[in-house]
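Please work from the sequences and hints to get the whole structure.
Those sequence lines, one after another, are chains A and B.
Residue 95 in numbering that gives the first Met the number 0 sits at position 96 of the first sequence, and the numbers go up by one each step.
Residue 177 in numbering that gives the first Met the number 0 sits at position 178 of the second sequence, and the numbers go up by one each step.
Hint data in this document are derived by calculation from the structure and do not stem from the laboratory.
Cβ atoms here follow ideal geometry from the backbone N, Cα and C, with glycine treated the same way.
Errors might be hidden in some of the hints.
[Said to hold, decoys possible] Examples of chain A residues toward chain B, derived with CB under 8 Å:
1. Lys33
2. Gln41
3. Phe47
4. Thr93
5. Arg107
6. Leu116
[Claimed, not checked] Each pair of labels, with its calculated beta carbon distance range:
7. Ile363(B) - Glu118(A): 19 to 29 Å
8. Phe3(A) - Asn274(B): 19 to 29 Å
9. Pro493(B) - Cys28(A): 47 to 57 Å
10. Val391(B) - Gly51(A): 46 to 56 Å
11. Ala57(A) - Pro21(B): 40 to 50 Å
[Said to hold, decoys possible] With a Cα cut of at most 27 Å, we get these calculated DSSO-like pairs of lysine-lysine:
12. Lys109(B) - Lys109(A)
13. Lys106(A) - Lys109(B)
14. Lys109(A) - Lys122(A)
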Amino acid sequence: MFDFIVGHYAYWFVFILMAIGLYGMIIKCNLVKKLIGMSIFQVSIILFYVAGANKWGATVPVADPALGTADPAKYINPLPHTLMLTAIVVGVATMGVALALVITIYKRYKSLDETRLLEQMRKEDDTE
Amino acid sequence: MILSNSPALVPLSLLLAAIVIPMAAFRRRWLAYPLALCASAFATGISVVNIIRVLTEGTIHYHFGGWIPPIGIEYVLDPLSSFVTLVVNAVSLMVLVHARRSVAAELPDKSMPFYAVVMLMLTGFNGIILTGDFFNLYVFLEISSLALYGMIAVGGRKSPIAAFRYLIMGTVGGSFYLLGVGFIYMTTGSLNMADVARIAPSLHQQPALVAALGLMITGLGIKMAIFPLHGWLPDAYTYAPSASSALIAPVGAKVGVYAIIRVIFYVFGVEFVRNSLPITEILAWLGAIAIIYGSIQAIAQKEMKRMLAYSSVAQIGYIGLGIGLANPYGIIGAVLHVMNHALMKACLFLVAGNYRLKLGHSTIPRLDHRVRRRMPWTTAAFTIGALSMVGVPPTVGFFSKWYLALGTIQNGRWLFLTALLVSSLLNAVYFFRILEKVYMKPLEGEAADDGSVSLDEAPASMLVPTLVLGIALLLLGLLNAVIVTGIISRIVPPGM
Chain A
0 MFDFIVGHYA
10 YWFVFILMAI
20 GLYGMIIKCN
30 LVKKLIGMSI
40 FQVSIILFYV
50 AGANKWGATV
60 PVADPALGTA
70 DPAKYINPLP
80 HTLMLTAIVV
90 GVATMGVALA
100 LVITIYKRYK
110 SLDETRLLEQ
120 MRKEDDTE
Chain B
0 MILSNSPALV
10 PLSLLLAAIV
20 IPMAAFRRRW
30 LAYPLALCAS
40 AFATGISVVN
50 IIRVLTEGTI
60 HYHFGGWIPP
70 IGIEYVLDPL
80 SSFVTLVVNA
90 VSLMVLVHAR
100 RSVAAELPDK
110 SMPFYAVVML
120 MLTGFNGIIL
130 TGDFFNLYVF
140 LEISSLALYG
150 MIAVGGRKSP
160 IAAFRYLIMG
170 TVGGSFYLLG
180 VGFIYMTTGS
190 LNMADVARIA
200 PSLHQQPALV
210 AALGLMITGL
220 GIKMAIFPLH
230 GWLPDAYTYA
240 PSASSALIAP
250 VGAKVGVYAI
260 IRVIFYVFGV
270 EFVRNSLPIT
280 EILAWLGAIA
290 IIYGSIQAIA
300 QKEMKRMLAY
310 SSVAQIGYIG
320 LGIGLANPYG
330 IIGAVLHVMN
340 HALMKACLFL
350 VAGNYRLKLG
360 HSTIPRLDHR
370 VRRRMPWTTA
380 AFTIGALSMV
390 GVPPTVGFFS
400 KWYLALGTIQ
410 NGRWLFLTAL
420 LVSSLLNAVY
430 FFRILEKVYM
440 KPLEGEAADD
450 GSVSLDEAPA
460 SMLVPTLVLG
470 IALLLLGLLN
480 AVIVTGIISR
490 IVPPGM
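Structure representation (C-alpha cells):
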C-alpha cells in the first residue's frame, strides 16, 4: 500500500490539482475564478500525460551519439509531449474565447457574478 | 485522384472554406455566403460518393500521408461513419440555404465571420465522425466546440452568458475525454481505435482501462447532453441566433452520440462493457429519465425555440436509451433516430426562424389562426414535423420509435417501453397545443373566417429548405425499410 502511494506520487499531485481545478469551475461564482479553475484543470491533465511519459534513468528524446538509438529505454517517450503541445494550443484558444466572452458579459451586465447574472437573465426573460 | 482521396476531402474542403472566407470576403462581404454554400454542397456531394463507395467496396481506410496506423492517423469510412457524415452534411446544407435571410436580418454586419465559423464547426463535426484516432478526435471535438461557443455568443444580449456556461461544461467534457485517452494510451500504448480494439480484450478488465471507458463516456456525455449533463443546452439553443440554433440543434449533439457509439461498441466492445462497468444500463436509465423530463419541461415552455430545446433533451434520451439497450434493435433505432431527429429538429427550427422573420416572435401564446392564413406552407411543414415528433406513421419519427420499442421488448424492459409510450403522449400534448392555436382557435371577439389576413409567406430561400425537410420526413418515412436494410443493418456492431 505504501509503495503504491509513494510509487505514484506524481499522479497523486496531478489528481489533487485536478480536484482543485474542478472545485474552482463548479463552486466559484465569479466567472474569472471559474476560468482560473479551468486553467488549473487543463494543466493537471497536461502534467498527467507528461508524468506518464517519464522513465527512470532515461534522458530527453533527442538522439545522443553516446547513447545510440538501439535501446528505446534510454529515452523518455516523446509522443505524450507532442500530444500535449496540441492540447496546450487548444487550451490557449479556449481561454482566448472565454476571456472574450467575459469581457462582453461585463460590458453588458457590469457584473461577473454568476448567480447575479442568471437572476438578471431570468428577469429579462420575464419582461420580454 | 479525387475518388481515392474522398474521405479526407470532406473535412478538408470545409476547413479550406473556413480559411478562404475571411480572406476573400474581407472586402467583398457578399462573397462569404456563396463560398460557404459551395463548400457545404461539395462536402455533401463527396459524402454521397463516400456512402456509395462504402456500400460497394466495403470499409475504406484512408491513411494520411501514407503513414500506416498505428503510427499514422487514419480516417475510417464504414457504414456508420459514412451514414452519419451524409446526414450531418445534408441537413447543414439545407439549413445554410435557409440561413442567408435570417443571418442578414439578425446579424447584418457579422455575416462573414459567422459563415467562417460555421465552416469550422462543420470541419470539426466531419473530422470527429471520420477519424479513426482517439487524439485526432479530441482535436476535432475542441475545434467544433470552439466554433459552437462563437456561434452561440453572437446572438442577443444574453447569449454570451449561455455561451460561457456551455464553454465551462464543454471544457470539462473535453478534458474528461482527454484524460480517458491518456489512460488508454498508457495501458495499450496506442491511440488508433482499431488497434486499441485489438489490444483491449487481452488486458482483461484492467482498472485503468475501465477508468478510461468511464471518463470518455462522461466527457462525451456532456457533449451529447444526456440527461443530468444537459444543463448547457436549453439556454444555448434559445439565446443563439436562429441560424445558429438551426445548425447546432439537429447535428451538434449527434456527434457526441456518434462518438459514444464508436467508443462503446467498436472500440471496447459489448463484451468488455458488460463485464466491467454498467455503462449501457446507466445510459438506458438516464435516457428514459431524459425522455420524460425533457417532454415535461417542453410542455411548460412558452417560447418555441426553448420548447424545441427541451424536446431535444428528450429526443437525445431516445438515442441514449437505444444505445443503452445494447441489442441490434436498439442500435438500429438509435442510429435511425440520429437521422430522424436531425431532419425533424432542422425542419422545426427553420419554421421557428420563418415565424421570427415574418411575425417578429416565436412565442407560443401569441400564435393564432391568422398565422396559418398568413404562412400556410410554413405551418404545413410545422405540422409534418410535429406529427413526426409525436411518432405518427408514415413519418420517420414513427419508425425509429418502433425499433426502439422492439428493442425494449426484446430485452424485456417494460418500464422503458412505458417511458417511450408515455413520452409520445407528452409530445402530442406540447405540439398539439400549437396546432390547436394555429388551426382552430379564432381570436377573441372575432369571427373564425373573416378573410382579413392576406398571404405573407416567408421568402422562397427560406420556404424551400423548410418544405424540402418536411417532405423528406414523409419520404424517408416511406423509404425507411430501404435505409434500414441497405445501410443501418450493416451498422450493427460485432458481438451482438
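Structure versus earlier hints - violations, ascending order: Those not satisfied: there are none.
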